[in-house]
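In order, the protein sequence lines correspond to chains A and B. Its first residue numbered 1, the first sequence is counted upward by one per residue in the numbering used here. Its first residue numbered 1, the second sequence is counted upward by one per residue in the numbering used here.
Calculated from the structure, these hints are not laboratory results. Errors might be hidden in some of the hints.
Cross-link-like lysine-lysine pairs, in silico, BS3-like; alpha carbons within 30 Å at most [to be verified]:
1. A/K101 x B/K320
2. B/K320 x A/K333
3. B/K327 x A/K101
4. B/K121 x A/K206
5. A/K320 x B/K120
6. B/K300 x A/K101
Nothing here was measured: the structure is a model prediction, and the numbers come from that model.
One letter stands for each residue in the lines below.
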Amino acid sequence: MTDTSMAPPETGLRTFDYGSDEAQARVKRRYKAEARFRLYGLLAVLFAGAFVFVLLADIVRKGMPAFFEHRVVLTLDLDASLIDPTGRREIDVLRNADYNKIVMDAWRANFPEVTQRAERRRLEALVSSGAADDLRTAILRDPALIGQKVRFPVLLSDDADLHFKGLSTRISSVPGAGALDVKVNGRQVELTGSGQPFAAILADVKSGLAQEAERVGAELARLPASQQGGNNAALDAKRAELTQRVADLRRRAGDAASAEAIDFSAMPSRIVRAEGASIRLQEIGPGSAKGFLLVAPQRELSRLDSWMVATFATPESNRKASDADISWLETLKARGLIEKAFATRFFTSGDSREPEQAGIRGALIGSALTLLVTLIVCLPLGVGAAVYLEEFAPKNRFTDILEVNINNLAAVPSIVFGLLGLAMFLNFFGLPRSAPLVGGLVLALLVLPTIIIASRAALKAVPPSIKEAALGVGASHQQAIFHHVLPLAMPGIMTGTIIGMAHALGETAPLLMIGMVAFIVDIPQAITDPGTVLPVQIYLWSDLPEVAFQAKTAGAIMVLLGFLFVMNGAAILLRRRFERRW
Amino acid sequence: MGSKFLGVSVIALAMAVSAGVASARDQIRIVGSSTVYPFTTAVAEQLGKTGGVKTPVVESTGTGGGMKMFCDGVGVNFPDATNASRRMKIGEFETCQKNGVKDIIELMIGYDGLTLSHSKKSAPTKLTRAQIFLALAKNVPGPDGKLIPNPYKTWNQIDPSLPNKPIEILGPPPTSGTRDSLHELMMEPGAEQIPAMKALKASDRKAFDAAWKTIREDGAYVEAGENDNVIVQKLEANPNAYGVFGFSFLEENAAKIQGVTVDGVVPEMDTISALKYGPSREMFVYVKKAHVGVVPGLDKFAQEYVSDRAAGDGGYLEKKGLVPVPKAKRDEAKANVAALKAMTGEGLPK
Chain A
1 MTDTSMAPPE
11 TGLRTFDYGS
21 DEAQARVKRR
31 YKAEARFRLY
41 GLLAVLFAGA
51 FVFVLLADIV
61 RKGMPAFFEH
71 RVVLTLDLDA
81 SLIDPTGRRE
91 IDVLRNADYN
101 KIVMDAWRAN
111 FPEVTQRAER
121 RRLEALVSSG
131 AADDLRTAIL
141 RDPALIGQKV
151 RFPVLLSDDA
161 DLHFKGLSTR
171 ISSVPGAGAL
181 DVKVNGRQVE
191 LTGSGQPFAA
201 ILADVKSGLA
211 QEAERVGAEL
221 ARLPASQQGG
231 NNAALDAKRA
241 ELTQRVADLR
251 RRAGDAASAE
261 AIDFSAMPSR
271 IVRAEGASIR
281 LQEIGPGSAK
291 GFLLVAPQRE
301 LSRLDSWMVA
311 TFATPESNRK
321 ASDADISWLE
331 TLKARGLIEK
341 AFATRFFTSG
351 DSREPEQAGI
361 RGALIGSALT
371 LLVTLIVCLP
381 LGVGAAVYLE
391 EFAPKNRFTD
401 ILEVNINNLA
411 AVPSIVFGLL
421 GLAMFLNFFG
431 LPRSAPLVGG
441 LVLALLVLPT
451 IIIASRAALK
461 AVPPSIKEAA
471 LGVGASHQQA
481 IFHHVLPLAM
491 PGIMTGTIIG
501 MAHALGETAP
511 LLMIGMVAFI
521 VDIPQAITDP
531 GTVLPVQIYL
541 WSDLPEVAFQ
551 AKTAGAIMVL
561 LGFLFVMNGA
571 AILLRRRFER
581 RW
Chain B
1 MGSKFLGVSV
11 IALAMAVSAG
21 VASARDQIRI
31 VGSSTVYPFT
41 TAVAEQLGKT
51 GGVKTPVVES
61 TGTGGGMKMF
71 CDGVGVNFPD
81 ATNASRRMKI
91 GEFETCQKNG
101 VKDIIELMIG
111 YDGLTLSHSK
121 KSAPTKLTRA
131 QIFLALAKNV
141 PGPDGKLIPN
151 PYKTWNQIDP
161 SLPNKPIEIL
171 GPPPTSGTRD
181 SLHELMMEPG
191 AEQIPAMKAL
201 KASDRKAFDA
211 AWKTIREDGA
221 YVEAGENDNV
231 IVQKLEANPN
241 AYGVFGFSFL
251 EENAAKIQGV
261 TVDGVVPEMD
271 TISALKYGPS
281 REMFVYVKKA
291 HVGVVPGLDK
301 FAQEYVSDRA
311 AGDGGYLEKK
321 GLVPVPKAKR
331 DEAKANVAAL
341 KAMTGEGLPK
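From just these sequences and the hints, can you work out the full model?
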């Protein structure tokens, strides 16, 4: 407010010729400077906008998979003798029945050829351990299902889910050329055909070998030179070995007719699919191939007229899902048993160590309860303090010190509030650890200065004429404030409060000390139950090794942002509704 | 309006506070090491699903912080169990005793063992952790003791007795827990074996920490991705290369790869469980006996942790990366848990 009143221009000392070239040039320069400044401003805004956009797009891209899950629809035989042998429908009996066996029996029935123990364990690992819990919940809700055969969506494990989300390997499929004769011996399969049905695949394998030869050649060129008089035996041996390998690879790549054994650790896998069967090729020649039957056919195989070759681009040992895993899953998909659905689980269940079962409800409720406590504590206290300091408190040294300290408090690192909370609320008052109550109290301390400062600014912005008019018609000071000034300041106070709340919503550091950074599965029902909050959940998930948790992390960030948007939207709405201009 | 709101909120808060203080705890609370956290949370979740009690709350506070809280006293305000990536120290045990935490059940849940392995086709190697540090660190002490970018390309440049082979080490990416173990169990102790680094630790702790926490990026260390199986195959193909694994992986692939003798000790189940092998540590969970029977499910939690389906061979903890305890020791632990036998404090480290 310092330079609103300017001295009137002195006249008569100098005269300007506004039409002179010099003056015109000056004007031009000033306009140009302004145009430049506007451009800088626009660029800055666009730059910041681009950053925000990239950040949001990245989070959404990573987070979207978290909102979907894949399930396999199985027909479950809910045998009454297994679930409820007594027939009395007692809740304890129903709860403790072996639902996992029911799910697994139905799951294994899809692939009766899988009998070997290790293979069976791989197959079983594709179904989530949470599937049995889903079934238990469904039966407890509706015991009438017992004794029936029902079609039930069974949750897949995180690895299987990731495969359907396109995160295991790229699969390309081409139709095979010509008819094949099939010789099946146990699970070993021999495929032969007139003409050269595998020539194209073999050429593909050979070009892979040529690339490998180039790669090894580059490695050979990188080897350090032998030193004079040094012990070069190992280096020379390595050089000889690499030279040998390059020569070998080049020879194999060049000879178009020789058969090739597939090295599953370095080459893409190739799967022949026909009649519901999946055969993994182990040795490929131009006219014939040997393979292993991963998935059994629907009828006896002897001759194949039409067949497909699927190529899994990533070598088997570089991904978590094996060729067998992918073949099983793709077979089920071809049978139409796989369904993709919105993962309501993400919003209805608490934390879990299994990525496919983990949800954010616990953290969401925890955040809501924590913020509720924060709001209830700091709104009345903050507004009361602001009204007193602004309207009633005498201006003396004491209130000056108070004011300086409120401003200082707003700049204190948040972890300090956590330590304070630990010492005061937990150790002195003996409140429970990890509870949203304590979290809310600590966060209330954190945002109190913000709210006091914002509320005082809002009170100050109400024109003094309002208060003076009230006092003029005989209202007491208190009446003037509470009946007239405070209601008019309320929109500003609300805005400040909600911004403070949004700040509190994103805090993790102070919650560390009071035990809210924790693995909590059960969803808090009250403010004294153990709970965690959204940003803490994000932090905990981001730290876990399972790949599927990365999507969960981004998904939780999206939910947190949504929560923030809703809160800030409420702030804007309140301001629009109640704002008064003078 | 303001005064009414204030009154309501004060009453609500008072009610909430009194409710919180009055109710006893019916949920297990566990604190402690972040290394043990992934295992304890898995056990906790399993207990919540099948044990008929609320799922325990597991906090990740670090071993030291967990011990402090655990030993602070007995009662609903103190945790029932703590995770530790090392054994309880004698001082901590005494603090516990002083604060009334008399009987503590010690569960040794498994090992965090780190190996450097290579193909069986090449000759067995013996290294010290100092040599491993010099091969892996981004910056190493130069001739004058100052840190310089790692100049070593072959092993015999580090020590003439080592073979003249290029340094090639395959290991986990920074996101992996194994990478943390690599830093804490090999790099840091290795750096401490070198006099120049020890002097640096005394003079400039920050530079010392940065040195063992930073791995070279000039191609001698190759981040081999998520799948440990890949590393095994690459080691088979390249006898000069070494790979960094958890011990359980070396054991599973013992037909193809062998462990490097570190500081004179071969990595074997016996040397790891006897703690002779340097880059390994035991992991523990400590349970308060006084809380058993008061906090529902605490005994079940301890039993679940040592059960075959959790800690046995092929159990779900092994899938999460734990090196299981040998069967004899696990049976002993099971017996201890069943009898709720408290530890005596003998033989604890200082």
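Taking only the CA atoms, is the gap from B/K300 to A/K101 under or equal to 30 Å? 23 Å, holds
Hinted pair, alpha-carbon criterion (30 Å max): B/K327, A/K101. Please report holds or violated. The hint holds at about 27 Å.
Is B/K320 within 30 Å of A/K333, Cα to Cα? Holds: B/K320 and A/K333 sit about 29 Å apart, inside 30 Å.
CA of B/K121 to CA of A/K206, is that 30 Å or under? This hinted pair holds, its Cα atoms lying about 28 Å apart.
Measure nothing beyond the straight line between the CA atoms of A/K101 and B/K320; if it is 30 Å or shorter, mark the hint as holding. 23 Å, holds
Need the status of pair A/K320, B/K120: alpha-carbon distance at most 30 Å? 25 Å, holds
In summary, this structure violates none of the numbered hints.
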